[in-house]
Amino acid sequence: MVEFKLPDVGEGMHEGEILKILVRPGDTVSQDQPVIEVQTDKVNAELSAPVSGVIQEIKVAEGETVEVGSTLLVIRTGEAAVSAPADPAQETEKPIQKAAEKRPALPQTSQTTQNRRSLATPYVRQLAREMKIDIERVIGTGPIGRVTEEDLRQFQQGSSKPSTPDISLVPAKTEPKSASVRKAEEQVAATAFAAPETSSQMRVERLPLKGIRKKIAEHMVKSVTTIPHVTSVDEIEMDQLRELRERLQLHANKRQIKLTFLPFFVKALVIALKEFPTFNASIDDASNEVLLKHFYNIGIATDTPDGLIVPVIKDADRKSILQIAREISELARLARDGKLSLDQITGGTFTISNVGPIGGLQATPIINHPEVAIMALHKMEKRWVVREDEGVIRWMMNLSLSFDHRLIDGVTAVRFTNRIKELLEDPNLLFVEMV
Amino acid sequence: MVVGEVAVETDVVVIGGGPGGYAAAIRLGQLGKSVVLIEKDQLGGVCLNRGCIPSKALIHSAGEYHKLASLEKLGIQLPKGDVIFQMSTWQTWKESVVNQLKNGVDHLCQANGVTVVKGSATFLSNDRIGVETGGDFETYKFRQAIIATGSRPFTPPFVKPDGVHILDSTDALNLQEVPQSLGIIGGGYIGMELGMAFAKLGAKVTIVEAADKVLPQTVASLSQEVLKQAKKLGITIRTGTKVEAVSVEQAQVTLNILTHQNTREQVSVEKVLVTIGRVPNTGEIGLSQAGVQTDERGYIHVDSTGRTNVAHIYAIGDVTPGPALAHRASKQGVVAAEVIAGLPSSFDTPYVPYVIFTEPQIAGVGLTKEEAEKQGYRVKTAAFPYRANGRALATDEKEGFAEVIVDEQSHLLLGLHLVGADASNLIGEGVLALELAARVEDLALTIHPHPTLSEVWLEAAEAVLGHAIHIVNKAKVLQ
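Chains as they are written, first to last, in my numbering: chain A, -7 to 427; chain B, 66 to 544.
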């Protein structure tokens, strides 16, 4: 009998939310087979069974927040299971031997065999791929937990709910309706039928604030209530950088690297951070000390289906533009797939929010506490500007810098922004400053 | 030779026209892609021309020939005198079989709009490939490519096949006469299949295997049945034995061997067949120019869609790590083609069956008992012998058994393996059962036609449950 307790899966974590329980009492699990998904500080961690055996009892429920050290489930181990009273049907089999034979496995099966692949027919697997559902995440209701077509539909409805929370607000008479709208209306209608509610209740859908969304909410409140934010906005002429990037892109393409503007922004930022050390700092509220950091880990605010995540490019000052570009693509991909490790989203010293590709003119970004500043980069567009007393068209981009006024004053912030502006408007300077 | 002046543009090039490559090309054609299929030798690849098909033709002839000896007890009186196997006549028949299949592939390629180009392909970059055909050089520009160049027999440095005395499997299938004596280096499935076939045709066969058993990748209980038959056929099997040198003198081949007792001996044979393994054909197609990486053994690693490290270049079949089996290649080819056409396909099944055409045949799918236990399953197993199956007795094929491995708790089928007549055909049911995530009860409750060999699955499944009809069950019937 082994009690499986919530381990500390990340630095200093003391609690985690149970996202998903992948096993049920009575299931046989093998060592290292994933059994529970927990959510800790923006990371989904998959916890694996410490031993092989049979799940005796599950002591937590999905959605529950539990502290490190509390028992999650109890596993009856193989030895204990064997010594259990034998039933007559077991007489045919021999006692379990601990993999005594070292004979190499048949290559036909060992190549692709995964531990405890979910049960489903080939057609259902194909359907899952078409519906973009990871079948391993679906709890099957068929024989022995086999995933059925119906389970996939249920799963899809369950997982798509949070992304369309306002759909029930669509007036009933609007036409034409998409299938999902109709579906939502049917659901609303069904609810109304089951339990009569007032019309205002019917127009509100209640969703639990949990997982990453809950973490984001807590983090934002902490930042805004702790840090006196000031935002300064400036605009940058991008023509030279556009030209340079276009040229270098050909070079990057050869190495199959997608070269966006972001790596240049990171490089310019790091140069400015070295000259303005108070921007690469944090405040220790407990000891009233300022911590100046002599490493440059740049967080990149990234949009994911679950919400905002900030993967970090470590030691950005020691990486080339192409290295940074490659790392950004990789981190973004991991973020979208929900596969970032804790290490990849912690340790940041300054955050960039690059919302420009989506749009927007300016913003008042919230600082990623305990950092002391954040830079948002906005839409690039052709604007009519004055140069040498003449109106000309230039590619322009706005930049919004929020900073912690406890540590940084307005003049310093403008100088810092000016420096970044200078480096981006004449990107040749980037090379002059490069180490 | 001017490279790249005018490139023929196509959506996809498929390099290699074996069972993986042609399946991919045909599916691409069905999905509306323009496809160029490049084959340097013959459509159908090793499988159709020098492997699966011709070897099965030989094994069939050998089997029929061998059965003649046991016809008398079945009531058939052959006229006195020797019955002769004419290997040269067999060659003609084999050619006709191969040609019929090859023409079929050719016809299907045409019908699906696949352009077949004969020649040797070399990648020039990650979107261009050159094809050399008898001195002419043509360049093709592609959006996607599928590498399906297959594998070739591996020969160790101390032995060089000469096609006359020292043979590889291709040479062996092209012989015009059955050799008096045949040495086989390597007791894997190809060595055992061909060794038993030649033994049935009258050759004195000696098989030398370095591992401590032949068919080293097969469970001992299954290969045991084959060993019994090998002994009856007079095959000498030397396991734990290494061949140190091979020399040819006066039309005799001498093998210098080091036995498992560390003694040195010499074995003299008319011909020797080398069947040690296969190596991927990835060295000569300019992979580095396309940026496609291989591992130190030359294999191209791919994801479940067949993608290589270069996102628009795919690899399938024997050039990818895993068993060198035609049915694996075909499935990978179809998946890669569908992914290229934007469909959400994936090679995500662990259920790749294996079939071995020895006497008797061996086939299986899924986990063996040992593998299942290693993965932490508590298993129940039961076997049902052929000798308790009416059809097996009526066709005088009573050797072998079928075994079913299930999870003790859920009764989910984990693996099905069998050794015996027609095992290669019988395993199809097992593959389907595993793909459908069937319980052993599903197998047991399904009516199997009588009298057929397929009843061995029914009975083995019932035996797991403790209530097989045609054997005495070890366990009591469940209440």
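Read the hints as simulated data drawn from the structure, not as lab findings. Among these hints, one or two may not hold up.
Derived BS3-like pairs (lysine-lysine); straight-line CA-CA distance at most 25 Å [unchecked claim]:
#, chain 1, residue 1, chain 2, residue 2
1, B, Lys98, B, Lys132
2, A, Lys374, A, Lys413
3, A, Lys285, A, Lys250
4, B, Lys439, A, Lys124
5, B, Lys138, B, Lys396
6, A, Lys246, B, Lys138
7, B, Lys206, A, Lys250
8, A, Lys285, A, Lys124
**Message:** Could you work out which of the previously given hints the structure breaks and list their numbers from low to high?
**Reply:** Hints 1, 3, 4, 5, 6, 8 are the ones this structure does not satisfy, whereas the remaining hints hold.
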